[in-house]
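Residue numbers (full-length UniProt numbering), protein chains in the order written: chain A, 1 to 606; chain B, 1 to 606.
Don't take each hint at face value.
25 Å max Cα-Cα, derived PhoX-like pairs, lysine-lysine [to be verified]: (1) B:Lys473 with B:Lys484; (2) B:Lys331 with A:Lys178; (3) B:Lys551 with A:Lys593.
Since the hints were derived computationally from the structure, they do not count as laboratory data.
There are 2 protein chains.
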Amino acid sequence: MPAYKAPLRDTRFLLNEVLDFPAHYQRLVNGSDATPDMVDAILGECAKFSEEVLSPLNQQGDEQGCTWDQGEVRTPKGFKEAYAAYVAGGWQGLSHPVEYGGQGLPMSLGLLKSEMMATANWSFTMYPGLSLGAMNTLMQHGSEAQKQAYLTPLTEGRWTGTMCLTEPQCGTDLGQVKTRAEANADGSYALTGTKIFISSGEHDLAENIVHIVLARLPDAPKGTRGISLFIVPKFLANPDGSLGARNGVSCGSLEHKMGIHGNATCVMNFDGATGFLIGPANKGLECMFTFMNTARIGTALQGLAHAELSYQGALAYALERRSMRALSGTKEPTQIADALIHHGDVRRMLLTQKAIAEGGRALIYLASQHADKMIEGLLKNDDRQYQHWDDQLGFLTPILKGCLTELGLEAANLGMQVFGGHGYIQEHGMEQIVRDARISTLYEGTTGIQALDLLGRKVLMMSKGKAVFEFTKPIARFALELLKNEPAMRLRALTLLKIVAQWNYLTLRLAFAASRQRDIVSTACHDFLMYSGYATLAWAWAQQEAVARRKLREGGSESADFYKAKLATSDFYFQRLLPRAKGHASAMLKPVKSTMQLDQAHFAFE
Amino acid sequence: MPAYKAPLRDTRFLLNEVLDFPAHYQRLVNGSDATPDMVDAILGECAKFSEEVLSPLNQQGDEQGCTWDQGEVRTPKGFKEAYAAYVAGGWQGLSHPVEYGGQGLPMSLGLLKSEMMATANWSFTMYPGLSLGAMNTLMQHGSEAQKQAYLTPLTEGRWTGTMCLTEPQCGTDLGQVKTRAEANADGSYALTGTKIFISSGEHDLAENIVHIVLARLPDAPKGTRGISLFIVPKFLANPDGSLGARNGVSCGSLEHKMGIHGNATCVMNFDGATGFLIGPANKGLECMFTFMNTARIGTALQGLAHAELSYQGALAYALERRSMRALSGTKEPTQIADALIHHGDVRRMLLTQKAIAEGGRALIYLASQHADKMIEGLLKNDDRQYQHWDDQLGFLTPILKGCLTELGLEAANLGMQVFGGHGYIQEHGMEQIVRDARISTLYEGTTGIQALDLLGRKVLMMSKGKAVFEFTKPIARFALELLKNEPAMRLRALTLLKIVAQWNYLTLRLAFAASRQRDIVSTACHDFLMYSGYATLAWAWAQQEAVARRKLREGGSESADFYKAKLATSDFYFQRLLPRAKGHASAMLKPVKSTMQLDQAHFAFE
């Protein structure tokens, strides 16, 4: 398993040189504490914790997995101590309100923290990650008493949380949820049903676990409009905050799965478990979806995380392993053969990983700024601000969750590929990254669901195509500035303008076609999603290149090599990866018939 | 784990309607026994064995894996009995000479057999599969005495074989092989060294194992020209064929790997093991490569196998699992939701798998005809015939091994994706297919090596681009016939002609560029390989479509639905998958610089 090294130079480049986080934080109402010094100190501490505590537990977490015994779940060796250190470091409440035990820093800092920890050890980071989902739901929809009782111990990390949505018969289609909630005399509810795929559903890291559960009231309407949201703690909380009786919720078994073995994926049985309604009755799905965008950005992170870790492993191997001679002539005459990195096809793989990781990082950081501004809108009760940034983030989210996890999986596979046959062997850890990455395109909404969310919901239904227009405006503006001020990037600017025009054109064509034939949304959405991803990454790379060129022109920097590497990687992205968008642009406009005509009975013959 | 059902209708379509195997066999000197009735009987028996014996062992083989104890290796439960049944059925010698215990049928029948068994249980099928490599090497390079001693028990399946190439320091770069072979007084050699990644290196299926080993004589030249080939049996053979003394070769350990758990991947230690030279001294690599094309077609098969099995699993799930309503309106009003197959994006995934599996099958069968004709050239001592078909097969091989395994892995991943979160759970068996498929792009030459072999060796070095011209001639001829005789396929014909022109144009451009800058071969080869794969699949689909259209026009067939499904799948391929070739065509011509310019020290910064 590659030892994780936090890419702090790249993080600082994006924060300070490309996206101007210092100015961004100065402008935020809750950003005054996020001074450059403070941010830098947090990054340094987080890198240290990720590299020294979490990274060494990653491979053994996979090997040992979690074990179930009579409903109790034991996490892999070292996880408990690491979680205690995590809590002691105050990491869980970084971006949550001071009045509930947090540090009140902007949301984006929480995401920066998550990036490093997640890259070092995804399975571990899912435990506090799921808590965030529960915390955010409580924060926005819980009563003040509920916040006091549950949000504070969650923010402090003493308790952890889960999101209990999926049932055996439904995941995507939550209207099929069957878990029942019946009113008790005291105003609480008794929940009965089975939830599956509950990440971090049971474990030995914390004294209590707060489940946020989707269930149905006895008189609820059918389908999605009859789902309510409940708090179901593992141990009921006494009024003084101490733990009370064990509640009727238990882990029936652990799933045996392809990867993320260090995280417990639980079947959770609710046997008349006591629950407390959060938010209005029958509005559970709406409440749940409020923070969906930020939760999905948290999963998009997985694309970045696995691309980065696999890149670090593959790069080290490519520098060290020697095989054959370079095509253009011997590069290391004193060695028995040249290092892999001298071979063009190995460089193609490494640069693809690098372009995905660094391009994805830029987009995740951009999204985190959007999230900061959206949350500021909430804090200031500024509905227009909230709505504007929620829309921006809402457009970017399925692109990142959908496309970045697909590309992250590709990058993880390329890292294995650089190792040749050794990549298939467990001890090197490269195949673990692929197995861990494989879940990212499945949970928190599959790639297909992201694609439908983007094209069907965000682009066509909610905005009649205007979302693409709004999103591409700053890209066009940026490209026009490049044309004016950066002659060396003239071709890049023209490429970006072409993408802006094509993206809007494709959207109009699809909107028109969908008005006559609704199915085109489902036959075109995957290609539209991937096209959008490559287009957005092109923007991210052009931005990085523009800054690097300016810095190089200004001269005198110790980082000249770093900037030149940005130029080279941008070059690779535009020349070698962006062309894939052509295929997607072409495929998405094809007749619906080519996908829909085959009768379901005729997909196979004996 | 999906239960395997042999797709006999598709196999018969390709054999009898598209590729006219009956006429092909009639023309072959060793084809007279392969009458249509005989072929059909073999297919039926093989389907039965694959479905009833091998398929049920596939998942438990993964769960149990192989175990090592003091050098002995135990295969998963049931493998031993299945192998005995395989031997009793005479399957191993199907396509090998009668005089060495085989049935003397054409090579292609052996490949058809392997396809079904491999799809049902890849890990099992690797045991007899590796024997084939040893058998083919012995047949072409062994002395008559060696053939009598080793080839006969291998052909009968009483013994199995391996290919011992890789060592810890080298896999691709076999010039680095260190295993030493020192002459004994009796004309044999004593081999000392360590080989790794030896598939089927040790097991409990057969009484003896014949290792074909690459090693270096004491006075051998450095590099690839100093490698010789040796037979090293686990038990030495007595003159009467009975087993003699245990030889000094043993399994040091088993590798822990991502998948193919049912197959033993061994570290093999040679401690002065007795070996016998095959072929001329220092010509071992050349001998080894003689049958490389057919061995690689055997691995290309894995792309087809995993695409097919994953498709079968995903299709069954898509017909049964219900989620949401179709975009164009409710399809199953009496159900709680519509089956997955009514959703466009699920159909996209299924049709991608289907197009890969059935298109890949057509190409594998075509390659098997080439192999028959090449081998006939050998049998008839017709050097021109041998050379011609060796060239044709040599061009097709890296395309199939390289591109079809990449697409097979994609198809396996799509099958998991259709299952949503359930795809990640081991019990469904879909993730096993992905883990098993993952090795296929790594062993028997990585995808990068196939790409270099295709563009660098076969296209540019050996033929100066003429290989593409030769290979595309029948495609152009076919397209021109379509234009004349099949008005409904006018657009397909024009697309094919455009591909032929573009493929040749790209080759010329690359040849010209490579004459000035050798590195372009390594920066362009991956895109060239994938482009070639999509182009070749387009040909395969157009051929199938043309036959299906003719049959439908002739009317009266019970198979009308089958032919219509071919039309629909061809439509999908041309409209939705072939556009990917655009991106590859564009990327391969990009300046070398975009891949080669970044200094190796600047791939990462702290």
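Need the status of pair B:Lys331, A:Lys178: alpha-carbon distance at most 25 Å? holds, 23 Å
Taking 25 Å as the top limit, are the C-alpha atoms of B:Lys473 and B:Lys484 close enough? The given pair, whose Cα atoms are some 17 Å apart, holds under the 25 Å limit.
Proposed proximity, A:Lys593 with B:Lys551 (alpha carbon, max 25 Å): Holds, at roughly 22 Å.
When held up to the earlier numbered hints, the structure conflicts with none and fits them all.
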